[in-house]
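Undergrad: Take the sequences, apply the hints, and build the full model.
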Amino acid sequence: MQKNSDVKMEKDKNDKKDNLGKSNKQNQKGPEGKDFEGLFWADQLASEIIARKKFHYLDRPIHKFDTFTVKTSASLSGILHIGRLSDTIRGASVARALKDAGVKSKLLWVAEDMDPLRKIPKNVPANFEKYLGTPVSAVPDPDGCHKSYAEHFMAEYFKVLDEFVFMDMEKLSTKKAYEDGSFKPHIKVIMDNLDKIIEIQNKFRDKDNKLSSSWSPWAPICENCGKIITAKITEFDHKNELLKYHCQDYSFETTTAKGCGHKGENNPLKDKGKLMWKSEWAAQWAMWKICAEGAGKEYQVPNSAFWINAEICEKVLEFPHPEPIFYEHIMIDNVKMSASLGNVVYPNQWLDVAPAEILRFFYNKRLMKTRSFSWKDLPKFYEEFDSYGEVYFGTKKVDNEKESTHMRRLYEISNNPDSEQIRKPLLMTFSHAVILAQIYSDDEDIIQSLIRTGHFQDGREKEVIERLNAARSWLKSYAPDEVKFEVQTKISKIDLKDEERLTIHQVSEMLRRQEFNEKSLHEEFYNICKANNIQTSDFFRICYQILFKKDRGPRLAHFILTYGKDKVAELFEKV
Numbered sequence: 001m002q003k004n005s006d007v008k009m010e011k012d013k014n015d016k017k018d019n020l021g022k023s024n025k026q027n028q029k030g031p032e033g034k035d036f037e038g039l040f041w042a043d044q045l046a047s048e049i050i051a052r053k054k055f056h057y058l059d060r061p062i063h064k065f066d067t068f069t070v071k072t073s074a075s076l077s078g079i080l081h082i083g084r085l086s087d088t089i090r091g092a093s094v095a096r097a098l099k100d101a102g103v104k105s106k107l108l109w110v111a112e113d114m115d116p117l118r119k120i121p122k123n124v125p126a127n128f129e130k131y132l133g134t135p136v137s138a139v140p141d142p143d144g145c146h147k148s149y150a151e152h153f154m155a156e157y158f159k160v161l162d163e164f165v166f167m168d169m170e171k172l173s174t175k176k177a178y179e180d181g182s183f184k185p186h187i188k189v190i191m192d193n194l195d196k197i198i199e200i201q202n203k204f205r206d207k208d209n210k211l212s213s214s215w216s217p218w219a220p221i222c223e224n225c226g227k228i229i230t231a232k233i234t235e236f237d238h239k240n241e242l243l244k245y246h247c248q249d250y251s252f253e254t255t256t257a258k259g260c261g262h263k264g265e266n267n268p269l270k271d272k273g274k275l276m277w278k279s280e281w282a283a284q285w286a287m288w289k290i291c292a293e294g295a296g297k298e299y300q301v302p303n304s305a306f307w308i309n310a311e312i313c314e315k316v317l318e319f320p321h322p323e324p325i326f327y328e329h330i331m332i333d334n335v336k337m338s339a340s341l342g343n344v345v346y347p348n349q350w351l352d353v354a355p356a357e358i359l360r361f362f363y364n365k366r367l368m369k370t371r372s373f374s375w376k377d378l379p380k381f382y383e384e385f386d387s388y389g390e391v392y393f394g395t396k397k398v399d400n401e402k403e404s405t406h407m408r409r410l411y412e413i414s415n416n417p418d419s420e421q422i423r424k425p426l427l428m429t430f431s432h433a434v435i436l437a438q439i440y441s442d443d444e445d446i447i448q449s450l451i452r453t454g455h456f457q458d459g460r461e462k463e464v465i466e467r468l469n470a471a472r473s474w475l476k477s478y479a480p481d482e483v484k485f486e487v488q489t490k491i492s493k494i495d496l497k498d499e500e501r502l503t504i505h506q507v508s509e510m511l512r513r514q515e516f517n518e519k520s521l522h523e524e525f526y527n528i529c530k531a532n533n534i535q536t537s538d539f540f541r542i543c544y545q546i547l548f549k550k551d552r553g554p555r556l557a558h559f560i561l562t563y564g565k566d567k568v569a570e571l572f573e574k575v
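Going by the numbering used here, the letters in the sequence shown line up with residues 1 to 575, in that order.
In case anyone wonders, no lab produced these hints; they're calculated from the structure. Note that beta-carbon positions come from the ideal geometry of N, C-alpha and C, so glycine has one too. Some clues are possibly wrong.
Below, computed lysine to any residue pairings styled on SDA-like, alpha-carbon distance capped at 20 Å [what the hints assert, rightly or not]: (1) LYS272 - CYS225; (2) LYS424 - SER473; (3) LYS297 - CYS225; (4) LYS519 - ARG501.
Pair ranges (Cβ atoms, derived) [as the list claims (entries may be wrong)]: (5) GLU444 - GLY102: 29 to 35 Å; (6) ARG555 - GLU129: 29 to 35 Å; (7) LYS376 - GLU486: 17 to 23 Å; (8) SER251 - GLU461: 19 to 25 Å; (9) ASP143 - GLU461: 34 to 40 Å; (10) GLU570 - GLU444: 40 to 46 Å; (11) ASP551 - GLU573: 48 to 54 Å; (12) ASP143 - PRO185: 35 to 41 Å.
TA: Right, here's the structure in full:
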């Protein structure tokens, strides 16, 4: 089941949001009492996991894990966008932190491919509406190139998924786990302990909405139409473990799955179906021996599916519930990412304009703070990532040692933490690449410009070209007009006062006769403006009009040195 979905097979319509749930920081002491409060969040959670001695709901010790397994998953009932990557990236960080803490760790990625199709994405034919309510693994591939809808979107996702994770992932499927019988022992225990399951869930339900003794956590698949959400249970024969159902319409949040009217019987241990989410999640944890899993911040509340499953996991399945990795969701321009709104960002779109390391950095930086992404801010993401790299390699100092340690760890874990594979930040920033991409069409000219300005690094040409290509893609598809420019080769008529024209000519002469760095050239602009009694804002506007026929542009001193001061001097002379 999709962990951050508004629609669940067991939607609790009376969820109470007035209580605070547990946080990740359940314990301030690591192994042997070591204080780890100041550690990077993934290292802190790894220490908590390793140090944990007891069940939470039972007074029972935890047997030591041979392998600490972190689970991440994605529902295939919707679009697989970069928001879905947040769970995987953060789970991978915890798995890596466990490994770095000296224990054996593993990362599982699970396809929740038994979930029903809940709505039709824009890129899928409208006539697929007839499959609403059908497990996505049983829905045909809309393009006809794979066995199912689920396999089609998994194949597309897998093309890029491994790019965003720096460690091997074992990829599993809930459908296959049901088919090969892996779930069966846990289904048996759950069905044999329905009274406990009902008691756990009813603690959080209103008195008029309690589960009855005829309720079942098993969702049958209708043997006639193949839908999983429409088979409403009408009778439960506990003695023979037999469910009777009637296939009826089921309303999701914005769509309706049509029932076929069939009446049938289903045995959870023999026939097709799946556990409802407030039992299945617990069964997954026990089955795959999970020590940690991510979930959106809405799961912090005590009556959420996470904590209900946690209690089921311990009290019914007798397995210690995993430590939660609660996190905030990504927003796009402060709006929730949604296929219907057309603001979805796909993983391959991200890789066109930025490396996976920057998205990992973005997600790892603040776990419980809403992160809003905007395409126009991409240069800022690059610059922040590079600045952390400077701290990591010691070329930039941070006075606060705790902050410095945290920054270095964040940069390390957002890269491949194997130190020999972490490269120093390029001297050519992304903003610099954006300027170069608009000045030169030939990569060799760009290399020469970088050599001239001191931004070229031997042995890094491939990375330079990759960043340039990313800048070109960003300019083509996402950059705001304010950063775009076209250098003028002819001077348009500009009405200037005598002192303004004189100033421009003086700048031209200065560029011809002196050498500058960016700082000294910028300071000289202010000196000339002051000497000629010209407002600096007017000076910059005039220069941008001469160069780009715009009132604004890139940092002037930086542009002039990048483009070539003799070329700019030649233009200014003609004014």
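Undergrad: It remains to establish, for every hint, whether it holds in the given structure.
TA: Hints, verified against the model:
1. For the suggested pair LYS272 and CYS225, the alpha carbons sit about 12 Å apart, so the restraint of at most 20 Å is met.
2. Between LYS424 and SER473 the alpha-carbon distance is near 23 Å, which puts this suggested pair outside the 20 Å criterion.
3. Note on LYS297 and CYS225: the hinted pairing is violated, with a Cα-Cα distance of about 36 Å set against a maximum of 20 Å.
4. Under the criterion of a C-alpha separation no larger than 20 Å, the hint pairing LYS519 with ARG501 is inconsistent with the structure, at around 24 Å.
5. Take GLU444 and GLY102: their Cβ atoms lie about 49 Å apart, and the range 29 to 35 Å is violated.
6. One distance hint, 29 to 35 Å for the beta-carbon pair ARG555 and GLU129, is violated here, with the actual separation near 53 Å.
7. A hinted range of 17 to 23 Å for the beta carbons of LYS376 and GLU486 is consistent with their spacing of about 19 Å.
8. Checked against the hint of 19 to 25 Å, the pair SER251 and GLU461 fails, with Cβ atoms roughly 58 Å apart.
9. Against the hinted window of 34 to 40 Å, the Cβ-Cβ separation of ASP143 and GLU461 comes to about 39 Å, which satisfies the hint.
10. Between GLU570 and GLU444 the beta carbon distance is about 22 Å. The supplied range of 40 to 46 Å is therefore violated.
11. For the pair ASP551 and GLU573, the supplied restraint of 48 to 54 Å is violated, since their beta-carbon distance comes to about 22 Å.
12. A hinted range of 35 to 41 Å holds for the C-beta pair ASP143 and PRO185, which are about 38 Å apart.
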